[in-house]
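Listed below, chain by chain, are the residues.
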Amino acid sequence: MSELIVETQGLTKKYGNFTAVDGIDLKVKKGEIYGFLGPNGAGKSTTIRMLLGLIKPTRGDARLFGLSIRQNPMEILKRVGAIVESPSYYGNLTAAENLEITRKILGADKKEIDRVLEIVNLSQWKNKKVKNFSLGMKQRLAIAQALLGKRELLILDEPTNGLDPAGIHEIRQLIKNLPGMLGVTVLMSSHILREVELMATSVGIISRGRLLFQGTLEELKAKSEQDVCIEVYPQDKALKFLENKGLKVKVNDNRLFIKKNGINVAAVNKALVMEGFEVTHLSVVAKNLEDIFLEVTGGDAL
Amino acid sequence: MKKIIRLELLKLKNSRIFLVITLAPVFMVFQGVANFLRYYDIFTSRGQNMWYQIYLQSSVFYVSALFPALIALIMVSLARIEYVSGGLRYYLTLPVKRSYVYAAKLLVGCMLSLLNVLVFSLSLLVAGKVIGAPGEIPYDIILTRLLLAYIASLPVMIVTFLLSINFSQMGIPLGIGIGLATPSLLVANTRYWVFYPWTYPIMAALGGELFKNTYFPFVAGPLIFVILTFAGMRWFKEKDVLD
Numbered sequence: 001m002s003e004l005i006v007e008t009q010g011l012t013k014k015y016g017n018f019t020a021v022d023g024i025d026l027k028v029k030k031g032e033i034y035g036f037l038g039p040n041g042a043g044k045s046t047t048i049r050m051l052l053g054l055i056k057p058t059r060g061d062a063r064l065f066g067l068s069i070r071q072n073p074m075e076i077l078k079r080v081g082a083i084v085e086s087p088s089y090y091g092n093l094t095a096a097e098n099l100e101i102t103r104k105i106l107g108a109d110k111k112e113i114d115r116v117l118e119i120v121n122l123s124q125w126k127n128k129k130v131k132n133f134s135l136g137m138k139q140r141l142a143i144a145q146a147l148l149g150k151r152e153l154l155i156l157d158e159p160t161n162g163l164d165p166a167g168i169h170e171i172r173q174l175i176k177n178l179p180g181m182l183g184v185t186v187l188m189s190s191h192i193l194r195e196v197e198l199m200a201t202s203v204g205i206i207s208r209g210r211l212l213f214q215g216t217l218e219e220l221k222a223k224s225e226q227d228v229c230i231e232v233y234p235q236d237k238a239l240k241f242l243e244n245k246g247l248k249v250k251v252n253d254n255r256l257f258i259k260k261n262g263i264n265v266a267a268v269n270k271a272l273v274m275e276g277f278e279v280t281h282l283s284v285v286a287k288n289l290e291d292i293f294l295e296v297t298g299g300d301a302l
Numbered sequence: 001m002k003k004i005i006r007l008e009l010l011k012l013k014n015s016r017i018f019l020v021i022t023l024a025p026v027f028m029v030f031q032g033v034a035n036f037l038r039y040y041d042i043f044t045s046r047g048q049n050m051w052y053q054i055y056l057q058s059s060v061f062y063v064s065a066l067f068p069a070l071i072a073l074i075m076v077s078l079a080r081i082e083y084v085s086g087g088l089r090y091y092l093t094l095p096v097k098r099s100y101v102y103a104a105k106l107l108v109g110c111m112l113s114l115l116n117v118l119v120f121s122l123s124l125l126v127a128g129k130v131i132g133a134p135g136e137i138p139y140d141i142i143l144t145r146l147l148l149a150y151i152a153s154l155p156v157m158i159v160t161f162l163l164s165i166n167f168s169q170m171g172i173p174l175g176i177g178i179g180l181a182t183p184s185l186l187v188a189n190t191r192y193w194v195f196y197p198w199t200y201p202i203m204a205a206l207g208g209e210l211f212k213n214t215y216f217p218f219v220a221g222p223l224i225f226v227i228l229t230f231a232g233m234r235w236f237k238e239k240d241v242l243d
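Chains as they are written, first to last, in the UniProt record's numbering: chain U, 1 to 302; chain R, 1 to 243.
Calculated directly from the structure, the hints in this document are not laboratory data. Ideal Cβ positions, reconstructed from N, Cα and C, are used throughout, including at glycine. Keep in mind that the hints are not guaranteed to be accurate.
[Said to hold, decoys possible] Distance windows between CB atoms, simulated:
| hint | chain 1 | residue 1 | chain 2 | residue 2 | range |
| --- | --- | --- | --- | --- | --- |
| 1 | U | R70 | R | F18 | 35 to 43 Å |
| 2 | R | L118 | U | G31 | 28 to 36 Å |
| 3 | U | N72 | R | K129 | 29 to 37 Å |
| 4 | U | K30 | R | L147 | 55 to 63 Å |
| 5 | R | L122 | U | G162 | 32 to 40 Å |
| 6 | U | G162 | R | V130 | 53 to 61 Å |
| 7 | U | D109 | R | K129 | 46 to 54 Å |
| 8 | U | K30 | R | I151 | 39 to 47 Å |
| 9 | R | L242 | U | E243 | 48 to 56 Å |
| 10 | U | Q71 | R | R234 | 42 to 50 Å |
[To be verified] Covered by chain R, according to a simulated footprint, are these stretches of chain U (three or more residues, beta-carbon under 8 Å):
| hint | region |
| --- | --- |
| 11 | 44-54 |
| 12 | 93-101 |
| 13 | 215-225 |
[Claimed, not checked] Examples of chain R residues toward chain U, derived with CB under 7 Å:
| hint | residue |
| --- | --- |
| 14 | G87 |
| 15 | T93 |
| 16 | S99 |
| 17 | A103 |
| 18 | T190 |
| 19 | D240 |
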């Protein structure tokens, strides 16, 4: 049983009649990259802001490192580096000055500024004003800010949002290496399935304020049922034949689909052929994550 | 707390606010003196005190319009650096007490406003010397009275401060701040001025018939300031940071 770094119990935020976050129980284990996945407006940012004490929950509590964010915010925030939505910075200051603010508050060593600038590859821009930075550079600076000091948990809200493909690749590589490199735990939100699939070890799926799935990627994939896809002539007769055998068959694009669970594929094939049908194609199709996601969210696309 | 105040000053680096708050009062004195020189004969024909005349010419518009507008500008600038690119939502994820952030910001705002008054005062002194105003320098007028006007402005400061940190768009607090200052000279000439804190600095700086022997602004001003400061702090500590 590994240590839980983030644990929420029934975390809820209401705005009037609208429930932005509805009784969420997040569990993030030490050393993992937890992908917090959901469409825009699902409640990811609100949840993250509650974890960081920026927003007060209507109900429930968030515990980080076993401490309550309501009771021990200072204790917790010292150990957490965060990016909340788009990168935040003071544009009239240089990269080094922005980091200096973080450093002073954390009471960290002066050398930390150069160290984190090095990690995100911004050393040569340290004395340039941030408002002239490209979005990718601002994002890297935000990550540098989050890394400064000895943080044990990084909470990154949409860390690749708005970056160009090269920037996305770079940031993904960087985040992916963090747990191994620095021993930190990462909680990152994203509305991009592929991104979570590429980076995360665990995943939480949120839609309309509710946490619909939580577990490892493997567990998520295992949730999905495989289909057997058959192309057979004449189709309508084959359909009747299979249905008479008590199978549930879906027709799609001149192909027949049968749920694979508990079916002997070879036996089905044999039965069809023996009956005189012409089977031109037979395969087992694994659903991709996108289909699984739609299944989990009940049709709410990303 | 000292650290937090220093950081607030660091955040203002490269911002044009210092330029504005030091140049604007100098300009005001400059035009006040120009006006005085234009009507030199009228202003001195009955042997009036030249120091007092340039003080009056410069400060009528300063305390009634420019100073409250600059206060609004200062407070809005302090809030704007936090909202324009998400500084606040980042800053508050650092282990820093919200009450300290609030207090440090307000304090810096009040200090910048004081700096503004002092520059105005100094400009008067220099102007008086340059045009060769006779007699001893009347510090009780060009310094003490302005400092009293500053104290009387405390309600204006806290109200514009709270407006600024409540609205992430700068137009609203700036508009309200300047809007509330606009009618102050008119209200100051009625007996309802006590209900309108924007008149307090005018009363403190310029006096007038209605103001004789009244210490009201110096009691009400700081009182309103203290009450609103604490109410605002309670609100800010609980506030959801959504911007």
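Given the hint of 32 to 40 Å, is the C-beta distance from R/L122 to U/G162 inside that range or not? violated, 48 Å
Per-stretch coverage check for the region 93-101 of chain U, three Cβ contacts closer than 8 Å to chain R: This one holds; 4 residues, not fewer than the three required, reach chain R with a Cβ under 8 Å.
Please verify the coverage claim for the region 215-225 of chain U: does it have three or more residues whose C-beta sits within 8 Å of some C-beta in chain R? violated (count 0)
Per the CB criterion, is R/A103 less than 7 Å away from chain U? violated, 15 Å
Hint check: is the beta carbon of R/S99 less than 7 Å from a beta carbon of chain U? Since chain U brings no Cβ nearer than about 12 Å to R/S99, farther than 7 Å, the hint is violated.
Satisfaction of the hinted span 48 to 56 Å by the C-beta atoms belonging to R/L242 and U/E243: holds, 55 Å
Indicate whether the distance between the beta carbons of U/N72 and R/K129 respects the range 29 to 37 Å. violated, 59 Å
Given hint R/T93 near chain U, where the shortest CB pair must fall under 7 Å: holds, 4 Å
So, as I understand it, the hint says R/D240 touches chain U; can you test that by seeing if any CB pair is closer than 7 Å? Because about 4 Å separates R/D240 from the closest Cβ in chain U, which is inside the 7 Å limit, the hint holds.
Taking the beta carbons of U/D109 and R/K129, is their distance inside 46 to 54 Å? 52 Å Cβ-Cβ, so the 46 to 54 Å window holds.
Determine whether the Cβ-Cβ distance between U/R70 and R/F18 falls within the hinted range of 35 to 43 Å. holds, 39 Å
Given R/G87 as an interface hint, is the shortest Cβ-Cβ distance to chain U below 7 Å? Cβ of R/G87 sits 5 Å from chain U, so the hint holds.
Checked against the numbered hints above, the structure violates hints 2, 3, 5, 8, 10, 13, 16, 17 and 18; every other hint is satisfied.
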